[in-house]
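Hey, can you work out the whole structure from these sequences and the hints?
Chains as they are written, first to last, in the numbering used here: chain D, 1 to 307; chain X, 1 to 275.
Everything labelled a hint here was simulated from the structure, so no lab data went into it. Hints are supplied without guarantee of correctness; some may be wrong.
[Unchecked claim] To be clear about the criterion: a stretch of chain D counts as covered by chain X if any three or more of its residues have a C-beta under 8 Å from a C-beta of chain X, and this derived list gives those stretches:
id	segment
1	39 to 48
2	123 to 137
3	161 to 169
4	233 to 242
[Stated by the list, open to error] Simulated pairs of lysine to any residue, SDA-like, Cα-Cα distance not exceeding 25 Å:
id	chain 1	residue 1	chain 2	residue 2
5	X	LYS263	D	THR114
6	X	LYS263	X	VAL83
7	X	LYS263	D	ARG227
8	X	LYS102	D	PRO171
9	D	LYS141	X	PHE36
10	X	LYS263	X	THR219
11	D	LYS141	X	GLN62
12	D	LYS141	D	THR114
13	D	LYS141	D	LEU271
14	X	LYS105	D	ILE177
15	X	LYS263	D	LEU103
16	X	LYS105	D	ILE238
17	D	LYS141	D	PRO171
18	D	LYS141	X	VAL33
19	X	LYS105	D	ILE36
20	X	LYS102	X	VAL165
21	D	LYS141	X	THR219
22	X	LYS263	D	PRO171
23	X	LYS263	D	LYS141
24	X	LYS263	X	TRP18
The structure presented is a predicted model; accordingly, all values stated were derived computationally and were not measured. Glycine residues also receive a C-beta, built at the ideal position from the N, C-alpha and C atoms.
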Amino acid sequence: MTSSVANRPSQGPPSVARPRSFKRIPALALVAPSVIGLVLWMVVPLAMAVWFAFQRYNLLIPENRAFVGFANFAFILTDPALWVAIGITLVLVAAVLFITIGLGTLLAVLFNQTFPGRGMARVLAISPFFVMPTVSALIWKNMLMHPVNGLFAQITRGLGLGAIDWFADLPLVAIIIIVSWQWLPFALLILLTAIQSLDTSQLEAARMDGAKPVALFRFVILPHLSRAIAVVAMIETIFFLTIFAEIFVTTGGGPGLATTNLPYYIYLKALLEFDVGGASAGGLIAVVLANLVAIFLIRSVARNLDT
Amino acid sequence: MAPNQRTSKPWLMGLLAWLVAGILFFPIFWMFVTSFKTEVAAVATPPQLFFTPTLENYIDVQERAAYFNYALNSIVVSIGSTVLALLLAVPAAYAMAFFPTKRTKGTLLWMLSTKMLPSVGVLVPIYILGRESGLLDTRIGLVIIYTLINLPIVVWMIYSFFKEVPNAILEADRMDGATTYQEVVYVLLPLALPGIASTALLSIILSWNEAFWSLNLTTFDAAPLTAFIASFSSPQGLFWAKLSAASTMAIAPILLFGWFSQKQLVRGLTFGAVK
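See below:
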């Protein structure tokens, strides 16, 4: 009886027993402050960005300001660096998604076993998620990946293998490792929780029928996780499209353009070259890119969430 | 190694899990250990595992009087933006959870889509607006921005916690003549309090660790710990032991928060879609 009341449909005709007291509170007035705040947050800067994108506007020579039509877009879109930055953005998102979700799923199965000290091991494993990006970037850059004094270099040299100069030779790989370290715990945390909600009798039944662990994983556990994986992918994509601090602190986008993703490219245009027009045009391209991803993601995830 | 012998060798899985946990936690452990070394010991080859611990790095970081300025900024801005986000989100979530209309689902999805708006796309306009309004490098400016970036997630979380409150309870109280105010304050909020608390926790964690806006919109006056730590990335700042001490102080409160709230965080982070 209670369950049917609790699971009211969110849509459809308003319930007949609409409470009388509600008439005194306009629902619109309660939602309005949040909606207005977010509309302003979205529309005002975006409108300004569109406006600036059609201007020649450099903060160093503000008096030399004029309407230039599509010149900024023409300039940006023919800048090879923009395409490199878009490519790096997509590689970064795809690589870290692949690593965190792939490893996260395997680790979730592993941490779902019962073993001594499981709670403590879990707490240690998810800790990197709570470390601020500037800290993790600096720790990895200086204390682990430093080519002379870093721990990795010392270990590989000790083994007679020489040292890798991570940020000179494999800069993008280094960034991918750092971001994956921060976000693997997030995937693990969510997927582990999802596995724990799996009905154990279902697993037992499959095992009775002689299913091997690999088959159990493939045909029972993985389908059960699909919704959690969709949520993890959506949230991670939101954050990975805008990775900034890790690059700012470690490589500054270099060497060359090797680690310049779209956010960092726009940052270079805006706050180092003070080219407001160019940066705004680049920003709009970032908005378009994010929206392409968002349309796809929100559609697929919205189906998975009952609102 | 041997997935087929899973049941016969549980200790192997346990060992493997502990090994993974150790590897994932290692950078934090190493930072913590280094923070008690002298600068010379911190860069020693081979790395020293046994040494006489010293607190001098912590004292040094504290003595840079500015450290407290940064820490205070982090505290004020994370708590301020969390309180403001809750004040905006609780009424909105209440209306959408208990009095849904045809537009409710669309509004919720639209709010989430504002999270997709890449910050860099609006960096220049926000920078200019901040400069013109005098909010650049102020705590109020950061509070407003953090409130708006976290608002969609805060609304979603509280909404999903409100949805779990059985309507029958609220209706029973209405029958007894409770006013809306009484209903919300004495019935709904106590029931949803654990959810609101974990929402606040997540909002504080996200604000505490936010780095894009803090690096770009603050220089000194309002710079929080994320920006303070980034200042160590300059070549002159390469003091590992002091960096480690400052980092430890910057992440310790949030790490403890996270450890204690991990279960609630999952529900929050996935809008209740994963239980």
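So, going through the hints one by one against the coordinates:
Remark: the segment 39 to 48 of chain D is confirmed as covered by chain X, as 6 of its residues place a Cβ nearer than 8 Å to a Cβ of that chain, reaching the required three. Counting residues of the segment 123 to 137 of chain D whose C-beta sits closer than 8 Å to any C-beta of chain X gives 15, which meets the bar of three, so the coverage hint holds. Counting residues of the segment 161 to 169 of chain D whose CB lies closer than 8 Å to any CB of chain X gives 0, so the stated coverage by that chain is violated, three being the minimum. With 4 residues having a beta carbon nearer than 8 Å to a beta carbon of chain X, the segment 233 to 242 of chain D meets the requirement of three or more and the stated coverage holds.
Among the hinted pairs, LYS263/X with THR114/D is consistent with the structure: their alpha-carbon atoms are about 18 Å apart, no more than 25 Å. Note on LYS263/X and VAL83/X: the hinted pairing holds, with a Cα-Cα distance of about 22 Å set against a maximum of 25 Å. Only pairs whose Cα atoms come within 25 Å are accepted, and LYS263/X paired with ARG227/D is accepted, the gap being roughly 18 Å. Restraint check for LYS102/X and PRO171/D: not satisfied, since their Cα atoms lie roughly 49 Å apart, outside the 25 Å limit.
About 19 Å separates the Cα atoms of LYS141/D and PHE36/X, which keeps this hinted pair within 25 Å; it holds. Only pairs whose Cα atoms come within 25 Å are accepted, and LYS263/X paired with THR219/X is rejected, the gap being roughly 36 Å. At most 25 Å may separate the alpha-carbon atoms for a hinted pair to count; LYS141/D and GLN62/X meet this at roughly 24 Å. Taken as a hint, the LYS141/D and THR114/D pair is broken in the structure, with Cα atoms around 36 Å apart against an allowance of 25 Å.
Between LYS141/D and LEU271/D the CA atoms are separated by roughly 24 Å; this keeps the pair inside 25 Å, and the hint holds. Our distance criterion of 25 Å between C-alpha atoms is broken by LYS105/X and ILE177/D, whose separation comes to about 37 Å. Straight-line distance between C-alpha atoms of LYS263/X and LEU103/D comes to about 21 Å, which keeps the hinted pair within the 25 Å bound. With a C-alpha separation of about 20 Å, the suggested pairing of LYS105/X with ILE238/D holds against the 25 Å cut-off.
Between LYS141/D and PRO171/D, the direct Cα distance comes to roughly 11 Å. Compliance with the 25 Å bound is thereby established for this hinted pair. Among the hinted pairs, LYS141/D with VAL33/X is consistent with the structure: their alpha-carbon atoms are about 17 Å apart, no more than 25 Å. Between LYS105/X and ILE36/D the alpha-carbon distance is near 17 Å, which keeps this suggested pair within the 25 Å criterion. With a C-alpha separation of about 21 Å, the suggested pairing of LYS102/X with VAL165/X holds against the 25 Å cut-off.
Between the alpha carbons of LYS141/D and THR219/X the distance comes to roughly 23 Å, so the proposed pair stays at or under 25 Å and holds. About 35 Å separates the Cα atoms of LYS263/X and PRO171/D, which puts this hinted pair outside 25 Å; it is violated. For the suggested pair LYS263/X and LYS141/D, the alpha carbons sit about 31 Å apart, so the restraint of at most 25 Å is broken. Between LYS263/X and TRP18/X, the direct Cα distance comes to roughly 20 Å. Compliance with the 25 Å bound is thereby established for this hinted pair.
When each numbered hint is compared with the structure, violations occur for hints 3, 8, 10, 12, 14, 22 and 23.
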